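Peer 1: Throw the hints in and build the complete structure from the sequences for me.
Protein chains in written order, with my numbering: chain B, 1 to 160; chain C, 1 to 351; chain X, 1 to 314; chain F, 1 to 657; chain E, 1 to 249.
Possibly wrong hints are sitting among the right ones.
[Said to hold, decoys possible] Calculated Cβ distances over 10 Å to all of chain X for the following chain F residues:
1) Ala13
2) Pro47
3) Arg348
4) Ile463
5) Glu475
6) Leu508
7) Ala560
8) Asp583
[What the hints assert, rightly or not] Covered stretches of chain E (chain F as the covering partner; in silico rule of three or more C-beta atoms under 8 Å from a C-beta of chain F):
9) 89-102
10) 137-148
It should be emphasised that the hints constitute simulated quantities derived from the structure, not laboratory data. Computed from a prediction, not measured in an experiment: that's the story for all the values here. For every residue, glycine included, the Cβ atom is placed at its ideal position computed from N, Cα and C.
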Amino acid sequence: MEEVKDKIVSIEKPELIAPPEWKPVIVGILCNWCSYAGSDLTGTSRTQYPPNIRIIRVPCSSRVDPWFIIKALQTTADGVLISGCHPGDCHYISGNYYARRRFLVTKELLKMVGFHEHRVQFSWVSAAEGAKFAQVVKKVTEDVVKLGPLHLYKKENFSK
Amino acid sequence: MSFSTFVTDKDGLQKLYEAIISKHETYAPVEKFGKYDYKKVSSLKECDPDSPIAMTMSVKPLFFPRASKIMKYEATSAGTSIHETGQDQLSGPRVILGVKHCDARGLQVLEAVNKWDYIDSDFLNRRANTVIFSKRCDKADTQCFCTSLDYDLENLDALDVAVVSGPGGKVYLQARTEKGENFLKENLGKESAAGSQQALDEMKKQYEAFAASFRLKMDYKDVNEKMSKRFDSTAYEEATRNCVSCNTCAFICPTCHCFKISDEKIKDTGVRYKSYDSCNNVYFTLEAGGHNPRPAKYRRWRQRSMHKFVYYKERFGVNLCVGCGHCAISCPVNISIFEVVNHVAAAPMEV
Amino acid sequence: MKKVTYFPGCSAHGTSEEFDQTVKMVMKTLDVEMEEIPDWNCCGATSAHTMNESLAYALPLRNLVLAEKLSNDTMTVPCASCYQRMKFTKIHMDENPELARKINTAVVGEGQYQGRVAVKSMLQYCYEDVGIEAIKTKVTSPISGMKIACYYGCLLTRPKAITQFDSPEYPMSMDRIVEALGAKAMPFDFKTECCGASFSISDTDVVLQLSGKILEMAKESGAHAIVVACPLCQSNLDMRQPDIEKKFKVRYDLPIFYLTQLMAMAFGYPKDKMMFSKHIVPVDGALAHIGEVIEEPKKTAKGKKAVKAESEVE
Amino acid sequence: MARVGVFVCFCGANIADFVDVPTVVEEAKKIREVKFAVDYKYMCSDPGQQMIRDAIVQYRLTSIVVAACSPRMHEKTFRKALSDAGMNPYLLEVANIREHSSWVHQKDKKAATDKAGDLVRMAVAKSIANEQLHEISVPVTKRALVIGGGIAGIQAALDIADARIPVTLVERSPSIGGRMAQLDETFPTLDCSQCILTPKMVDVASHPFIELIPYSEVIELDGYVGNYKAKIRKKASYVNFKSCTGCGACWQKCPVKVPNEYNMGIDTRKAIYTPFPQAVPNKPVIDAKHCTMLLKGKCGICAKFCEKGAIDFKMTDEVIEREIGAVVVATGYDLWDATPYEEYGVGRYKDIINSLEFERMVSANGPTGGLPVRPSDGKVPKTVVFIKCVGSRDKAKGIEFCSKICCMYTAKHAILLHHKVHDSRAYIFYMDIRAAGKGYEEFVNRAQVETGAVYLRGRVSKIYQKGEKLMVRGEDGQLGQEVEVEADLVVLATAIIPDKENPALARLLGISYDKYGYLSEAHPKLRPVETAKAGIFLAGCTQAPKDIPETVAQASACAAKVCGLFAGDTIKKDPMVSTVNKDFCSGCQNCVKVCPYQAIVTEDIPLGHGAKEMRTVAKINEGVCQGCGSCVAICRSMAINLAGFTDPQIINEIVAI
Amino acid sequence: MDYSKQIQDIAAKLFAEGKIDVFVGYRMNGFDDNQVPVVINDPKEVPALVFTEKSVFNLSNYLKADHTRNKRVGLVVKGCDSRSLNLLLTESQVKRDNLYIIGIACEGVVDEKGQKMQNCIECIVPDAVVYDEMLGSPRGKKDYIVNADIAGLAVKGLVERREYFEEIFDNCIRCNACRHSCPLCYCAKCCIDQETATIYNGSNTASSAFHALMTWSLHLAGRCVDCRNCEKACPSHLPRIFCINRTRR
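Peer 2: What follows is the structure, encoded as C-alpha cells:
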C-alpha cells in the first residue's frame with residue numbers, strides 16, 4: 001500500500017511548463033434560460049470558438065453551488081466559466097443576484113488561497129448574445145492557456 | 001540477552017544525529033505552526049529530536065499513514081482492471097529520531113492487531129525496516145501517565161535505541177534490540193562504548209527521577225478490573241458531558257487504528273483509500289440501513305475507553321492505551337481518558 | 001478666501017479685454033483669488049480641433065498639466081471656446097487613461113497629467129462655487145429696472161456630456177445671477193441658438209441672419225440689453241449689429257454686456273472701469289433704465305395650467 | 001447497475017460533417033455502463049425514435065443518452081419516445097453535440113470529435129444518476145382575477161365569464177372603461193369609442209359570472225398556479241352603493257372643485273363625483289383628499305342633499321379576500337411627461353398639449369363640448385401642429401421604443417380637427433409613418449387627402465413664442481429645408497409608457513418587468529400572453545404599446561389561456577422541483593429566504609422515531625416551486641435537491657469530462 | 001475580570017427557581033490555572049463554576065448538542081460567543097425562550113501562555129449582544145480593525161499565498177475538530193460527510209483537506225464570529241481562520 005503523499009502540488013506554479021500536447025479543459029456551467037440559449041445561438045449562427053469548453057446545463061445560475069467550482073478545479077478542470085442571465089433578467093426573478101453574491105465570495109476565497117483570478121470567471125450572457133458567448137469562451141480559454149495546466153494534486157493521483 | 005550501552009555527550013549526540021541524517025533516510029520531528037510532526041529531514045537544523053512531548057504528534061502515521069491507497073482500478077465496458085499502487089515509500093530502511101517512549105510502545109502494541117487475522121504486511125515491513133531512536137523523557141508532562149500502565153517503561157524494547165540523559169551532560173545510548181545494537185555499532189566509534197555499572201546506575205537514577213515527576217498515577221490492574229464490571233455505568237455520561245465529539249483524540253492517538261475505506265473516482269479511473277476513522281464521530285460504524293449502534297456520545301466514549309483499557313487487553317494481552325496524554329492535550333475541552341477511566345472505576349457498581 | 005486657477009485665453013488679452021478686467025474686479029469682490037496659469041498656451045479652439053485630433057488634445061492638455069502644478073482644485077475659464085476645449089480634453093483624458101498616456105507624451109516635459117483639477121467656465125464657477133446667495137450679499141447698487149435677455153450661446157452648456165452643467169436647451173443659471181443683481185431676466189427662447197460665429201469671416205451673411213434672429217427675439221421679449229458670458233458671442237452680436245440693422249432695415253439698439261460687467265456695476269464699481277467704450281452698440285440707452293419700476297404684466301385669460309394648479313372652494 | 005443506451009445523431013450533415021460520429025459511438029461503447037450505442041442519420045425522425053424504442057426493450061436499458069442537437073430543441077420529442085416505450089421520460093439525457101460542437105468547431109474535426117465524445121460521456125454520467133420523475137398535478141380553483149378595467153380587462157373578463165368561469169374584476173378608479181372611455185372616435189373606422197365600449201361595460205356590470213370590484217386595488221397575492229389567494233383593498237367610497245340611486249344630487253351640490261382626471265385636468269369635477277356620465281357602476285365616490293368634510297369636518301352638503309342617506313363619512317377601507325386560480329393583468333398605459341423637451345418649451349407654453357388632452361377637447365362629451373381651443377386664451381386654433389415621436393424613438397431624451405399607435409391617432413386627430421374646425425390646417429411632423437394594419441394606410445391617406453393635413457417629414461428643433469403664435473421650427477426632410485410654422489396650438493404625440501405602479505404590482509405578483517416598467521411576457525414570440533409565473537397572464541398595454549384591436553385580441557387570448565388552464569380539475573406540472581431530505585435538514589431556513597416564489601415553508605417533525613420533541617425542517621410546496629435551484633445551492637446541509645439537476649448528476653458530469 | 005461569584009449565584013438561583021434544566025459554564029481543569037467547559041445538570045456542582053479571563057471556549061457550541069436541545073439552558077457568553085448565539089437564534093437552531101443568557105462585557109481572554117488572544121485585540125463588539133443579564137460594564141463598539149495576519153497575507157503575491165495555504169492543507173489531518181468545535185456547524189449531517197454528493201468522501205488526503213476546508217470557509221463566509229474555537233481545537237495548530245475572515249461579508 002502506498003502512503004498518500006499528495007502534497008498539494010501547486011495550485012498555480014508558473015515554473016511548471018505545460019507539455020506541448022496539453023489542452024486546457026474548461027467547465028462551463030450555464031443557466032438554461034439565458035446563457036445556454038445564448039450558447040445555442042452561437043451554434044446556430046456558426047460562430048466559432050475554441051473547443052476546450054465542456055458545457056453543463058443548470059436551470060439557473062443560482063443553482064451553481066460553489067462546490068461545483070471547487071470540485072471541478074480539483075478533478076477535471078483547468079478553468080471554470082459560469083454564466084447566467086444579465087442582472088435583472090433572471091428567469092427566476094432574482095436567482096442571478098444570489099449567484100452573483102455567492103460567486104464574489106467564492107472568487108475572493110479562491111484568490112486568497114492562491115488561485116489566479118482568471119481560473120474562475122463569471123459572465124452574463126443573454127439568449128440573444130451568441131457572439132458574446134463566443135467572445136467570452138475565447139477570452140476564458142486564452143486566459144487559462146496563459147496560466148497553464150492546473151496541477152491540483154488530485155489529477156496526479158489519478159493519472160494512469 | 002543484554003545489549004550494549006554507549007556513552008557520549010550532547011555534542012557527540014548531535015554529531016551522531018548528523019551522521020545518521022547524512023547516511024540514512026531519516027525522519028524526525030519538524031516544527032510547523034508550533035506543532036511537531038515527523039517528516040523526512042535532510043539536516044539536523046530543520047528538525048528537533050528533543051521536541052516537547054506535548055507539542056509532538058504521534059509517529060504512527062509513518063507506519064500507518066493517515067491515508068493510503070489500497071488500489072487503483074479502471075472500470076470500462078471491457079471490465080474492471082486493478083492496478084498496483086505506487087511504490088510504498090515508507091517501507092525502505094530508515095531511521096526515526098526523537099520518538100517518545102510511549103509512542104514507540106504504541107507501535108509495539110499495534111503490532112498485535114496487525115498480526116492478527118489479517119496480516120498487515122505493510123505495517124510489519126515498515127516496522128522491521130525502521131530503527132527507532134527514542135529519548136527517555138526527563139520530566140513528565142501534566143497529562144502523562146505512561147508509568148501507570150501495564151508495561152515496563154524503563155526497559156522498553158519497543159524502540160531500538162534509547163537515549164537517556166545522565167548527570168554532567170552525559171548522554172547514554174542504550175540498544176534495546178538487535179537492530180539497535182547493530183545500528184549503534186555501525187555508526188558509533190568504539191571509544192564511546194560504556195557498559196559499566198555506573199552507567200546503569202545513573203540511568204536508573206534518571207528513571208527514578210522521571211517516574212517521580214508524574215502528576216497522574218493510577219493502579220492499572222484495579223482500574224482494568226473495575227471497568228470490565230461497570231459497562232453500564234452512568235459515570236461515562238457524567239465524565240464526558242462536555243465532549244464536543246471533535247475526533248481529535250482518535251486522530252492523534254498513537255494506538256488508534258480504526259480506519260475507513262473510501263473510493264474516489266474520476267472518469268473511468270478510481271482509487272481506493274484507507275484512512276483514519278474516529279470512534280468519537282457520530283457516524284462511526286453507522287450501518288447502511290441507517291442504524292447507529294452508538295448514537296449517544298457517552299456510548300462512543302464507553303467504546304473508546306473499554307477498547308483502550310479492557311477489550312484489547314483481553315484479546316491481545318496488552319493495554320492499548322500507552323499513557324502518552326496526547327488526547328488530553330489536544331482536546332479542546334481537556335477531557336483526559338485518564339480521568340474518564342478513573343471516574344468510571346471509582347463509580348459505584350450498577351445493580 | 002477661495003483660490004482658483006485662471007486661464008484667460010487669447011481673447012481676454014485682446015478683443016474681450018473688458019471681460020478680463022471685469023472678471024478680475026468681480027472676483028476680487030467675491031473674495032476669490034485668481035492665479036493665472038504661468039506660460040499658458042493656445043487652447044486650440046480656432047482650427048486645431050477640426051484639423052488634427054492629437055493636437056486638439058495636446059494643446060489643452062498642456063494647460064491642464066500646468067494647472068495641476070498649482071495647488072488649486074479648480075480652473076476657471078472665461079472664454080466659452082477655451083472652456084469647451086479644456087473640458088472636452090479633460091473628460092476624454094479621464095475616461096480613457098490609455099489615450100491620456102499617449103497624448104501626454106507630447107507634453108511630457110511639463111509633467112504627467114493626473115486629472116486632478118476641475119475645469120469650470122466663469123459662469124459655472126460663479127453659479128456653483130460662489131453661489132447666488134454670496135453674489136446677492138455683494139450687490140450694493142442693484143441694476144433694477146433693466147430687462148435683460150440672457151444669451152448663453154452654444155458652448156457653455158452643450159454638449160451636456162461634456163459641460164455637465166445646466167440645461168443644454170433652456171439654461172437658467174445666468175438668468176438667476178442677473179436676477180440676483182436686481183435686473184429682470186426676460187423669458188427668451190433663443191438662449192442657446194447658434195449665432196453663426198464660425199462663419200464670422202467666411203460667410204458673413206449667415207451670421208447676419210442667425211444673429212439677427214437672436215437680436216429680433218431678444219427685442220421681442222422686451223429686453224433692453226443682452227447679456228453674454230462668451231467673448232465670441234459678444235463680438236458677434238455687438239460688432240455685427242449695425243450690419244444686421246442695415247440689412248434687415250430694423251433698429252434693435254441692444255447693447256451686449258458681459259455678465260461680469262453687469263456684476264461689477266451691481267457691486268458698485270464706477271461705470272468708467274467697465275470699458276464700455278469698447279462696445280459698438282452704445283450702452284447708455286439700456287443703462288438709463290436702471291431704477292425704473294417694472295410693472296408685472298396682467299394675468300392672461302385663465303389657461304388650463306391655472307386651472308390645473310389648485311383646487312379651490314367656490 | 002445502470003444500463004445506458006447511447007444514440008448519436010448525424011443530423012444529416014450538420015453533425016456528421018464536422019464530428020466523426022462513428023468515433024463518438026466507439027468512445028461511448030468503452031464506458032462501463034453503456035450497453036448499447038448506435039448512430040443514425042436523423043435521430044428525431046420516426047425511424048430514429050423507433051431505434052430508441054426498440055433498443056430500450058431489447059437491451060433492457062435503464063437510461064438513454066441522445067447525442068444530437070440542443071436539448072432545448074428536441075428534448076420533448078425524445079422524452080415522448082421514451083414514454084412510448086414504457087420508460088420514464090425523465091431518464092433521458094441529451095448531449096448537445098450540434099450547437100456545442102459541430103457547429104462551433106467547424107475548422108477542427110478532431111477537436112470537435114473529442115469534445116462530442118466528452119459531451120456524450122458527461123451525459124452518460126449524468127444519466128446514471130437520473131431518477132424516475134413524474135408529472136405533478138395540482139388542484140385548481142376555478143376563478144380568475146382580472147386586474148384593470150380598461151378595454152383589455154373588460155374583454156378578458158367577459159370572455160372568461162362567458163365560459164361560465166367566475167371572474168373578479170378589480171379596477172382602481174371608480175369606474176371601469178379605462179383609457180378607451182376617454183377617446184372620442186377610434187381609428188381607422190372613426191366609430192365612436194363610447195358607443196362601442198359602453199355596451200361592454202354594462203355587460204360586465206350585469207354578467208352573472210363577473211364580480212366587479214371598482215375603486216379597489218390588489219394588495220397581496222399568495223400561492224401558486226391554480227391556487228392563488230388575493231387580497232383586494234376596496235377603498236372607502238363614503239357612498240353606500242346599495243342605497244345610492246346615482247341621481248347626482250350630491251355632486252351637483254358639492255362646492256369643492258378638483259381638476260378632472262377624466263378630462264386630463266382641462267376642467268374640474270367635484271370632490272364627490274362620478275368620473276363620467278356613462279360610468280359603470282354609475283355611483284359617485286368621495287375623493288377623500290379633497291373633501292372638506294373629511295379633511296376639516298365641515299360641510300357635509302352632499303349628505304344633506306342625498307335623499308337616500310347613502311353618504312357615510314365613517315366608511316373605511318375594506319380588505320376582500322378571494323381564492324383564485326389565474327390572474328390576468330391589464331393595467332394599461334400612461335403618457336410620458338414631455339418636460340425634458342425644453343427646446344419645445346413644454347411647461348412654459350400653455351398652448352402645447354398632449355394627444356390625450358386634444359382627444360378630450362375634440363370629444364363630444366369633453367370639457368369644451370367637442371371644440372378644440374387654445375388653453376391660453378380659449379380661442380379656436382386655426383393652425384395646429386402635431387409632433388409625433390415626442391419621447392418615443394428618442395434614446396437621448398425619452399424612450400427607445402416606438403409607441404406604435406401615435407401615427408394612427410395623429411392621423412385621426414387631423415381628421416377630427418378638420419371635422420370640428422373646417423377652416424383649420426394641420427401640420428404633422430413625423431419621422432416615419434408606421435401604418436401597418438388593416439385599413440391603416442388607407443386611413444392615413446384619407447387624412448392627407450381629405451383634410452389637407454401637411455405631413456412634414458422631419459423633427460421639430462424648436463418652438464418659441466412670437467406674439468400670440470407659437471413658432472414651430474423644424475426640418476422638412478423632403479425639401480431639405482428648414483421650415484417654420486406659425487401655430488395656434490401644438491399637440492405632442494408623447495410616448496406611451498406603462499402605468500407607474502407596474503413595478504410595484506410586478507413585485508407583488510412575483511413577475512418580472514422590463515426597464516421601462518412593461519410587464520415581461522414569458523417568451524416574446526411564442527408565449528406573448530403568459531408571464532414567467534404560471535397562471536398569470538398579460539393583456540393590453542401593460543405588456544407593450546398596442547392599439548385597441550390588438551388589445552382586445554390579447555385579452556381574448558388571455559381568456560383562452562385561463563379557460564385552458566381551468567379545463568381540467570388539476571394542472572400538470574414539470575417535475576423538476578426541489579425536494580427536502582428531512583433527515584439532513586437542520587432547519588436554518590436560509591432556503592425560505594432565498595426562494596423567489598415563496599415555495600418553501602417550515603414544518604415541525606419529531607426529533608426521532610416516536611419522539612415527543614419536535615424540530616423544524618423546510619418543506620417545499622411542489623406546486624409553487626419553479627425549479628430554479630436557489631435553495632439547493634444555499635443549503636449548507638445539502639438537504640435539498642432539485643430533481644433533474646441533483647448534486648450527484650452535476651458532480652457526475654464534472655467528473656466525467 | 002472575575003465573575004465567578006456572580007455566575008454561581010445566578011446559576012444557583014436559576015436552578016432553585018426551576019428556570020433551567022442545564023447550565024453551561026466553565027470550571028477549573030483541576031491541575032493548572034486553565035479552565036474547561038462544564039455542563040451542569042445538578043445544582044450541587046454549581047460552586048465549581050468560574051469565569052475569568054481564562055474562560056476561552058465558546059459555549060454556544062454546546063447548544064447544538066443533544067443534551068441541550070429542547071432543554072432550558074443557562075449559559076455564559078462573551079461578546080463573540082453571543083454573536084454566534086445570535087446566529088443560532090436567527091437560523092432557528094435554538095429557541096430564545098429556552099435560554100437564560102448571562103452576557104459578559106468581555107475585556108478579552110488570554111491563551112494558555114497568558115497572552116491576550118489576537119481576536120480579542122481585534123474584537124469590535126466585546127459586549128454580549130444578546131443576554132438576559134449583563135455582567136460588567138458595557139464597553140461599547142470599537143472601530144473595525146482588519147486582522148493583521150489577513151492584511152499581511154492580502155498584500156502578498158499569489159505564489160506566496162498559495163505556498164502558505166499549501167502548508168495548511170498539507171498539515172491538516174482532517175480530524176474535523178474545527179467543524180465540531182465551531183458553534184455554527186450544526187448541520188444534521190455535514191455535507192462533506194455525505195456520500196452522494198462528494199467524491200472526497202472520507203479519505204484523509206490533502207486534497208480532501210483542501211476540499212473540506214474550502215467548503216467550510218464558504219459555508220462560514222459572512223457568518224464567522226471570530227471566536228477561534230476552531231483554532232483552539234486544531235491538533236495541528238493550523239491558523240485556518242484566514243480562510244474564513246477573508247470571505248466575510
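Peer 1: Against each hint, give a clear statement of whether it holds in the structure.
Peer 2: Each hint, compared with the structure:
1. Listed as outside the interface, alanine 13(F) is consistent with that label: its C-beta sits roughly 46 Å from the nearest C-beta of chain X, beyond the 10 Å cut-off.
2. No beta-carbon of chain X is positioned within 10 Å of the beta-carbon of proline 47(F); the least distance is around 60 Å.
3. At roughly 7 Å, the least C-beta separation between arginine 348(F) and chain X is not larger than 10 Å, which violates its mark as non-interface.
4. Taking the minimum C-beta to C-beta distance to chain X, about 8 Å, the non-interface status of isoleucine 463(F) is violated against the 10 Å cut.
5. For glutamate 475(F), the requirement that its beta carbon stay farther than 10 Å from each beta carbon of chain X is met, with the minimum near 14 Å.
6. The claim that leucine 508(F) is not at the interface with chain X holds, since no C-beta of that chain comes within 10 Å of its own (minimum 31 Å).
7. Listed as a non-interface residue, alanine 560(F) keeps its Cβ farther than 10 Å from every Cβ of chain X; the least gap is roughly 42 Å.
8. Even its closest Cβ contact with chain X, about 57 Å, leaves aspartate 583(F) beyond 10 Å, as expected for a residue assigned away from the interface.
9. Only residues whose C-beta sits within less than 8 Å of a C-beta in chain F count toward coverage, and the segment 89-102 of chain E has 3 of them, enough to reach three; the restraint holds.
10. Coverage of the segment 137-148 of chain E by chain F is violated in this model, with 0 residues showing a Cβ closer than 8 Å to a Cβ of that chain against a need of three.
The structure shown violates the earlier hints numbered 3, 4, 10.
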